[in-house]
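Peer 1: For the record, the sequence lines run as chains Z and Y. Position 75 of the first sequence, counting from 1, maps to 65 under this note's numbering, and the rest follow consecutively. Position 39 of the second sequence, counting from 1, maps to 29 under this note's numbering, and the rest follow consecutively.
It is worth saying that the hints were derived from the structure and are not from the lab. Fair warning: this is a prediction, and the values are worked out from it, not measured in the lab. Among the hints, a few may not be true.
Same chains, same label: a pair holds when it works inside one copy or across any pair of copies.
Derived pair list, reagent style DSS-like, types lysine-lysine, alpha-carbon separation capped at 30 angstroms [stated by the list, open to error]:
{"hint": "1", "residue 1": "K100", "residue 2": "K86"}
{"hint": "2", "residue 1": "K104", "residue 2": "K56"}
{"hint": "3", "residue 1": "K100", "residue 2": "K20"}
2 protein chains.
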Amino acid sequence: MTKSSLFSSLLLIFVLISSSTSSKASICSKNGIPLVRNISELPPSDYGRGGLSHITVAGSVLHGMKEVEIWLQTFSPGSRTPIHRHSCEEVFVVLKGSGTLLIASNSHEKHPGKPQEFRIFSNSTFHIPMNDAHQVWNTNANDDLQVLVVISRPPVKVFMYEDWFMPHTAAKLKYPYYWDEDCFYSPKDEL
Amino acid sequence: MTKSSLFSSLLLIFVLISSSTSSKASICSKNGIPLVRNISELPPSDYGRGGLSHITVAGSVLHGMKEVEIWLQTFSPGSRTPIHRHSCEEVFVVLKGSGTLLIASNSHEKHPGKPQEFRIFSNSTFHIPMNDAHQVWNTNANDDLQVLVVISRPPVKVFMYEDWFMPHTAAKLKYPYYWDEDCFYSPKDEL
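Construct the complete structure from the given sequences, taking the supplied hints into account.
Peer 2: And the structure:
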C-alpha cells in the first residue's frame, strides 16, 4: 500500500466514524427536534424482536417527555409481546387489525397464573391495570395488528416472564427497554 | 282528572324519573365497564361547543384512570379550542385533516403574547409544553380535523383566555372541564 492510498484509507475511516457518531448524536439529541413531527418520517425498528415495528411517537429518552409516552406498534401475523408487567398505566388504541389480549387480572398470587383472553379489534381500546401481567398477540393470520400505546411514568421498566406460571420474583427486569437502549446512556445535553 | 288517570300519570312520572336516574348512574358508574371497549360505540358530544365532537376514550372520571387520559376529538372546519393552558403534559396525534396549532411558547411574561403558528396535518404529532398557552384550530375549510389527545394528571384543570394578551392571573379556571362535569359530582361507587 502506498503512502497516499494509506492516507486515503485512514481519511475514509475517519469520515465514516465521524458521520456515524454525529448521526447517532442527532438521533439521541433532544435539541433541534421540531415541535410538529411527521410520524411517517420517524424511523421504525424491530429492535431484534421478529414481526415488530416500533416507533416512539413521543418519548421520554428521545423527546424529553416526563409523564406520558406514546408508541406506534405494528405486529405482523403471529407476532406478540413478551408476557410482562410494569408499574405504570398503559392504554391501547387499536388502529388496524385484530388479535388477542391475554391478561392475568388476578396477579396477586406468587405468579400471574392462567390469563383471561379478550378479543381486540380495529377501533377498540383497553387499558392494563398497573402490574397485571399481560401479553398482546396478533392472532389474526392475515393482517397486521397496529396499535397506539400510551404509558405513564416513562421510560418504561418492564418485568418479563417466560410463562404464566413463572414466579413474580423470577421475572426479569429489562431496563432500559429495547427502544430506550440506544439513547439511554448518551451524554446529557447540558454536559 | 279521574283517580285512575291521575294514578297513571304519577306512575309514568315515576317510571321516567327512575329510568333517567338509572341511565345516568350507568353512564357515570365505573362498575361493569368492559375491559375492551368499541370506540365507535362510545357516545360523542359537543358539550355545547359548536363544531366539536368529543369522546373520552379512557378517562379519569369515567373509567378510573389515574395517570393518563385519552380523548378522540373531531373539529369541523373553522372550529377550534379556546386559548388555554394546563399544568400537565399533552400530546396530540393527528388522525385526519389538517389545521393550525397556535402556541405561546414564551408564556413566561404576564400574558401569553403573540403565538407562534404551526401547520398540523394527518399523521403528525406534537406536544404542548406544560403551562404554555395554546389553541388548536381547524383552519381547513373543507375537512374535519380529527385528533387523539393524551394528557397526564387527569382530570384536566383548564385555564382559559379570551385573547393572547389577557394576563395569566385573569385566565378563568374551568374545572371540572366540559366532559368531566356530568359525572364529576355523582356519588362515589362505594357510598
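Peer 1: State for each hint whether it applies.
Peer 2: Each hint, compared with the structure:
1. Proximity of K100 and K86 under a CA criterion of 30 angstroms is satisfied in neither setting, with 35 angstroms inside one chain copy and 46 angstroms between copies.
2. Within a single copy, K104 and K56 get their C-alpha atoms only as close as 34 angstroms, which misses the 30 angstroms cut-off; across copies the closest is 27 angstroms, which meets it.
3. For a Cα distance limit of 30 angstroms, the shortest separation of K100 from K20 across copies, 28 angstroms, qualifies, whereas the shortest one inside one copy, 41 angstroms, does not.
Checked against the numbered hints given earlier, this structure breaks only hint 1.
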